[in-house]
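Quick mapping for you: the protein sequence lines, in order, are chains A and B. If you count the first sequence from 1, position 35 lands on 35 in our numbering, and the numbers rise without skipping. If you count the second sequence from 1, position 62 lands on 180 in our numbering, and the numbers rise without skipping.
These are computed hints drawn from the structure, not numbers from a lab. Careful: at least some of the hints might be erroneous.
[Said to hold, decoys possible] Short derived list, chain A residues pointing at chain B, Cβ under 8 Å: (1) SER33; (2) GLY42; (3) PHE45; (4) GLY84; (5) LEU88; (6) LEU90; (7) LEU107.
[Claimed, not checked] Derived contacts from chain B toward chain A, CB cut-off under 10 Å, selection only: (8) SER130; (9) VAL131; (10) TYR143; (11) SER160; (12) LEU165; (13) PHE182; (14) PHE186; (15) LYS188; (16) MET207; (17) GLY225.
Since the structure is predicted, the reported quantities are computational estimates derived from the model, not experimental observations. Beta carbons: idealized from backbone N, C-alpha and C, even for Gly.
What follows is each chain in one-letter form.
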Amino acid sequence: DAGVTQSPTHLIKTRGQQVTLRCSPKSGHDTVSWYQQALGQGPQFIFQYYEEEERQRGNFPDRFSGHQFPNYSSELNVNALLLGDSALYLCASSWGALLVRSGANVLTFGAGSRLTVL
Amino acid sequence: AQTVTQSQPEMSVQEAETVTLSCTYDTSENNYYLFWYKQPPSRQMILVIRQEAYKQQNATENRFSVNFQKAAKSFSLKISDSQLGDTAMYFCAFILYNNNDMRFGAGTRLTVKP
């Protein structure tokens, strides 16, 4: 049973460029959340996608956008990259729109995409 | 605002011994979940243990147990019989019932020494 897969694993961009990160959720999961983990810090919630819509958003600017496809996979797009966007971007999947109401449901994380902005 | 604080950036323990990682959180809400996640060098976050706030009984998972003190807003993780494979970053996390924004602490780097 494949878990959450993310691509690419590493990438380097320059300031002002745009980047797209991809995520395939765990089999049986229909919800994808994205987190940003800066070096030496805990993950921070960017947004959650369910039924192809952004359902909840954290404190991130509009430069961060996403998409969910009918097969539940998701993309995270970041425009006009800044040096401060350098981080590990984690995708997490779950079942249902509301995490804790799914009973035993918990987030299953991927191994992340390491983005370096020069 | 919901915040999570882990006051121990780094800890070490001898193999087979017991170690306790600290976590405090701040919320005015009553209904929430607490979690401990492990992040090894492979970077993938792995759930260690979880606790529902309304349950008074402390959660246990094999060698892992928590000490949940709701009034003190404290949620510590005890690892018994530490193993080399327990070496990792450990994150305390918190989520409200009607929310999908999981809040994480800054983490504690645990090293298990042979």
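Cross-check of the supplied hints:
Using the Cβ-Cβ criterion of 8 Å, the hint placing SER33/A at the interface with chain B is satisfied: the shortest such distance is roughly 7 Å. Interface hint status for GLY42/A: upheld, as the beta-carbon distance to the closest one in chain B is roughly 3 Å, under 8 Å. Nearest Cβ of chain B to the Cβ of PHE45/A: about 4 Å, under the 8 Å cut. The hint holds. For GLY84/A, the interface hint is violated, the least distance from its beta-carbon to any beta-carbon of chain B being 17 Å, above 8 Å.
Because the beta carbon of LEU88/A sits about 6 Å from the nearest beta carbon in chain B, less than 8 Å, this interface hint is met. The beta carbon of LEU90/A comes within 7 Å of a beta carbon in chain B, closer than 8 Å, and the hint placing it at the interface holds. Given hint, LEU107/A at the interface with chain B, holds; its Cβ is 7 Å from that chain's nearest Cβ, closer than 8 Å. Residue-level restraint check for SER130/B is violated (minimum Cβ-Cβ distance to chain A is 18 Å; threshold 10 Å).
The beta carbon of VAL131/B is not positioned within 10 Å of any beta carbon in chain A (closest approach about 21 Å), and the interface hint is therefore violated. Hint status for TYR143/B relative to chain A: violated, with the closest Cβ pair at about 12 Å, above 10 Å. For SER160/B, the suggested interface contact is upheld, since its CB lies about 6 Å from the closest CB of chain A, less than 10 Å. For LEU165/B, the suggested interface contact is upheld, since its CB lies about 5 Å from the closest CB of chain A, less than 10 Å.
Given the 10 Å rule on beta carbons, the hint for PHE182/B is violated: about 15 Å separates it from the nearest Cβ of chain A. Hint on PHE186/B is violated. Least Cβ distance to chain A is approximately 16 Å, over the 10 Å limit. The beta carbon of LYS188/B comes no nearer than 16 Å to any beta carbon in chain A, farther than 10 Å, and the hint placing it at the interface is violated. Given hint, MET207/B at the interface with chain A, holds; its Cβ is 9 Å from that chain's nearest Cβ, closer than 10 Å.
Interface restraint check: GLY225/B against chain A, minimum CB-CB distance 6 Å, threshold 10 Å, status holds.
Of the numbered hints stated above, those contradicted by the structure are hints 4, 8, 9, 10, 13, 14 and 15, listed in ascending order.
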